[in-house]
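Colleague: Here is how the chains run, residue by residue.
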Amino acid sequence: MSDPARLWVFLAASPLFWLTATVAAYAAADWLSQRANRNPLVNPVLIAVLLLAALLTSTRTPYEVYFEGAQFVHFLLGPATVALAVPLHRNWATVRRALPPIFAALAAGAVTAVTSAVGIAWVFGAPFDVLAALAPKSVTAAIAMGISQEIGGNPALTATLVISTGVLGAIMVTPLMNALGLTDFRARGFAAGVASHGIGTARAFQVDPVAGTFAGIALGLNGLLTALIVPLMIGWLR
Amino acid sequence: MLHAILILLGCQLIGEVLARGLDLPVPGPVIGMALLFAALQWRARLRPEAADIGALPIGAAAAFLLANLSLLFVPAGTGIIRQTAVLTAHGPGLIIALVGSTALTLIVTALVFVAVARRTDARPQAGDPS
Chain A
1 MSDPARLWVF LAASPLFWLT ATVAAYAAAD WLSQRANRNP LVNPVLIAVL
51 LLAALLTSTR TPYEVYFEGA QFVHFLLGPA TVALAVPLHR NWATVRRALP
101 PIFAALAAGA VTAVTSAVGI AWVFGAPFDV LAALAPKSVT AAIAMGISQE
151 IGGNPALTAT LVISTGVLGA IMVTPLMNAL GLTDFRARGF AAGVASHGIG
201 TARAFQVDPV AGTFAGIALG LNGLLTALIV PLMIGWLR
Chain B
1 MLHAILILLG CQLIGEVLAR GLDLPVPGPV IGMALLFAAL QWRARLRPEA
51 ADIGALPIGA AAAFLLANLS LLFVPAGTGI IRQTAVLTAH GPGLIIALVG
101 STALTLIVTA LVFVAVARRT DARPQAGDPS
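Keeping their order, the protein sequence lines are chains A and B. Under this note's numbering, the letters of the first sequence match residues 1 to 238, in that order. Under this note's numbering, the letters of the second sequence match residues 1 to 130, in that order.
Be aware that a few hints might be false.
Stated by the list, open to error - According to the in silico footprint, chain A covers these stretches of chain B (three or more CB under 8 Å from chain A): (1) 7-14; (2) 73-86; (3) 104-113.
Claimed, not checked - Partial list, derived from the structure: chain B residues whose beta carbon lies under 8 Å from chain A: (4) Val-17; (5) Leu-18; (6) Leu-22; (7) Gly-32; (8) Pro-57; (9) Leu-69; (10) Leu-98; (11) Gly-100; (12) Val-116.
Everything labelled a hint here was simulated from the structure, so no lab data went into it. Owing to the predicted nature of the structure, the values given are computational and were not obtained by experimental measurement. Where a beta carbon is used, it is the ideal one built from N, C-alpha and C, also for glycine.
Just chain A, same shape as in the assembly:
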């Protein structure tokens, strides 16, 4: 048996170790979520991130080294986005009938997401560059980072705010909708997708396939609309 310190030096630098750690942390988090009957507070993304953050911090591993391995999982976000076409196709009859509420809710939700976030942070005295990084926080990371860069925000901060919003939305959607007495899975899923992009969509697919389909539509449409309205709205703040 070779020296354990040398073995660790090899493992800590190997993509295989961090890829396996990512899948293992998620498997543990998903097991907990299942054990809790998918209670929204036991969010698998949040738990897996906390486990990995603890591991990276305690082993002093830089995020870049971690990402060398984790990128193989991250890469699958692209094919998974393409795969949203399948539930959209299967539920197209339901979606086609709901086009008026889809576009009305999209417009209301997109404007609320941007104005409420920027408004609250502005009241608390956040500087312009933080407001710019915050404005697109409800849309999928790739689009949000592009918008942030365009209007003078920091894309890395935007990525963090986007992920935080996703986890918050996934945790809040079920209790909020139950409190409002809303049982329409189209509306619940669509709200999850508008407010909290892919992580909200992942939660919606966990609950109901129709909710997941509507969340996927919301994620795509809100990405487009927010890219159009944020540069216009942020102009007023300068």
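For this one, chain A is given, so just place chain B on it according to the hints.
Modeller: For chain B alone, kept in the frame of chain A given last:
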């Protein structure tokens, strides 16, 4: 399964090429989703008797990816460890903005959806058999 992987990657690749080539503000995978959706609709129209998409490898691959969608956000989520300083530097304001705005957006979106759906769901649709 090989064909399913090829279809998903191929749609994403064409989407990326179109997004960059035409300088579209939409990410490549979203265009790829639109392409796959159009192809599936076309297939259903040409061959209405063909097998349901759920029974095909592309249906199984999509179901697998979407059932584990949360996993795919973990690597980006772990990136938060680099940004904790900024998140805490702005005190409670940024956290309150995130929590408040997310809750408001969920409520407004769902309520508007339900209010409009109540008016339009009752109406007969153009394509409905009467």
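Colleague: Each hint needs a verdict: does it hold in this structure or not?
Modeller: Going down the list of hints, with the structure as the test:
Counting residues of the stretch 7-14 of chain B whose C-beta sits closer than 8 Å to any C-beta of chain A gives 4, which meets the bar of three, so the coverage hint holds. Counting residues of the stretch 73-86 of chain B whose beta carbon lies closer than 8 Å to any beta carbon of chain A gives 12, which meets the minimum of three for the stated coverage. A count of 10 residues in the stretch 104-113 of chain B with a Cβ less than 8 Å from any Cβ of chain A is obtained; the coverage claim is therefore met, three being the minimum. A least Cβ separation of about 13 Å between Val-17 (chain B) and chain A goes past the 8 Å threshold, and the interface hint is therefore violated.
Taking 8 Å as the C-beta contact cut-off toward chain A, the hint placing Leu-18 (chain B) at the interface is violated, the least distance being around 13 Å. A hinted interface residue such as Leu-22 (chain B) counts as satisfied when its beta carbon comes closer than 8 Å to some beta carbon of chain A; here the least separation is about 15 Å, so the hint is violated. Interface hint at Gly-32 (chain B): satisfied, since its Cβ lies 4 Å from the closest Cβ of chain A, which is below the 8 Å cut-off. Annotation: interface hint on Pro-57 (chain B) violated; nearest CB of chain A at approximately 11 Å, more than 8 Å.
A distance limit of 8 Å between C-beta atoms decides the matter here; for Leu-69 (chain B) the minimum to chain A is near 4 Å, and the interface restraint holds. Because the closest C-beta pair between Leu-98 (chain B) and chain A is about 6 Å apart, less than 8 Å, the hint holds. The interface hint given for Gly-100 (chain B) is met, as the beta carbon of that residue sits about 5 Å from the closest beta carbon of chain A, less than 8 Å. For Val-116 (chain B), the interface hint holds, the least distance from its beta-carbon to any beta-carbon of chain A being 4 Å, beneath 8 Å.
Hints 4, 5, 6 and 8 from the list above are not met by this structure, while the remaining hints are.
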